[in-house]
Amino acid sequence: MNKNCFVSWSGGKDSCLALFRAMDQGYKPKMLFTMFSIENDVSSAHRLNEDIIKAQVNALELESTIGRAKFEDYEAVFVRNLESFKSQDIQYGIFGDIDLDEHRKWEDTVCEKAQMTAVLPLWQEDRKKLVKEFIDWGFKAKIVVVNKTMMSPEFLGRDLSHELLEEIEKTGADVCGENGEYHTVVYDGPLFKTPLNLNFSKEIKDIEGKWAKIEVLI
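Every position in the sequence shown, counted from 1, becomes a number in this note's numbering once 822 is added.
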């Protein structure tokens, strides 16, 4: 059975754990696919520069594709890239969403348009258990973006750990960040051939009044 797949790759913990689980289930990742905003040339949501994504891809020893789109063209560009993957004998798309039905419906829709099947290895599992699993497998990730309406910027630059999860939980935020509380960048773990030597700025940047981020450099 052909289990060639692409992975919707954000550079963060959930897409990384989804990749890890998919490989364990016999899927064969042929492409990591990351969407970038044309307006500011950073990855969607996680706001990572392209050189960070490329460094992850190299450390994982996989191929990658960058899609660039304005907000209103996002879905069309996404589907167009999936159609290209389909022509390369890729049948499945791996996504890291956990339990947001709206996200799953969108992922099913775009994959169906390209005659592919969406696979969500983390779907409907306990959020806290998943992030603990990520840590227990030995993956390393830092928080690089927070939603200031849900979490304090003081969490920026900190490594995910069991102790940090307890601190996040005390604030009332979801420990997994599934509601957009925070985003991470993964820099080491069992899938990485070598750890990434990343530098993190101490300056906190405000984004549209709602978000705060730190720069990630390599």
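Wrong hints could be hidden among the right ones.
[What the hints assert, rightly or not] Listed next, the in silico SDA-like pairs over lysine to any residue satisfying Cα-Cα at most 20 Å (straight line):
id, residue 1, residue 2
1, LYS954, LYS970
2, LYS825, TRP945
3, LYS950, LEU986
4, LYS850, GLU872
5, LYS950, PHE977
6, LYS992, MET972
7, LYS954, LYS908
8, LYS964, GLU934
9, LYS970, TRP1033
10, LYS927, ALA940
11, LYS962, ALA940
12, LYS950, ALA940
13, LYS964, PHE1022
14, LYS935, LYS950
15, LYS1015, PHE842
16, LYS962, LEU1020
17, LYS927, LYS970
18, LYS950, ASN903
19, LYS1027, LYS825
No lab work stands behind these hints, which were simulated from the structure alone.
Against the structure, the hints:
{"no.": "1", "hint": "LYS954 to LYS970", "result": "violated (23 Å)"}
{"no.": "2", "hint": "LYS825 to TRP945", "result": "holds (19 Å)"}
{"no.": "3", "hint": "LYS950 to LEU986", "result": "holds (12 Å)"}
{"no.": "4", "hint": "LYS850 to GLU872", "result": "violated (24 Å)"}
{"no.": "5", "hint": "LYS950 to PHE977", "result": "holds (18 Å)"}
{"no.": "6", "hint": "LYS992 to MET972", "result": "holds (12 Å)"}
{"no.": "7", "hint": "LYS954 to LYS908", "result": "violated (34 Å)"}
{"no.": "8", "hint": "LYS964 to GLU934", "result": "violated (34 Å)"}
{"no.": "9", "hint": "LYS970 to TRP1033", "result": "holds (6 Å)"}
{"no.": "10", "hint": "LYS927 to ALA940", "result": "holds (10 Å)"}
{"no.": "11", "hint": "LYS962 to ALA940", "result": "violated (26 Å)"}
{"no.": "12", "hint": "LYS950 to ALA940", "result": "violated (23 Å)"}
{"no.": "13", "hint": "LYS964 to PHE1022", "result": "holds (9 Å)"}
{"no.": "14", "hint": "LYS935 to LYS950", "result": "violated (33 Å)"}
{"no.": "15", "hint": "LYS1015 to PHE842", "result": "holds (14 Å)"}
{"no.": "16", "hint": "LYS962 to LEU1020", "result": "holds (12 Å)"}
{"no.": "17", "hint": "LYS927 to LYS970", "result": "violated (28 Å)"}
{"no.": "18", "hint": "LYS950 to ASN903", "result": "violated (33 Å)"}
{"no.": "19", "hint": "LYS1027 to LYS825", "result": "violated (41 Å)"}
Checked against the numbered hints above, the structure breaks hints 1, 4, 7, 8, 11, 12, 14, 17, 18 and 19 and satisfies the rest.
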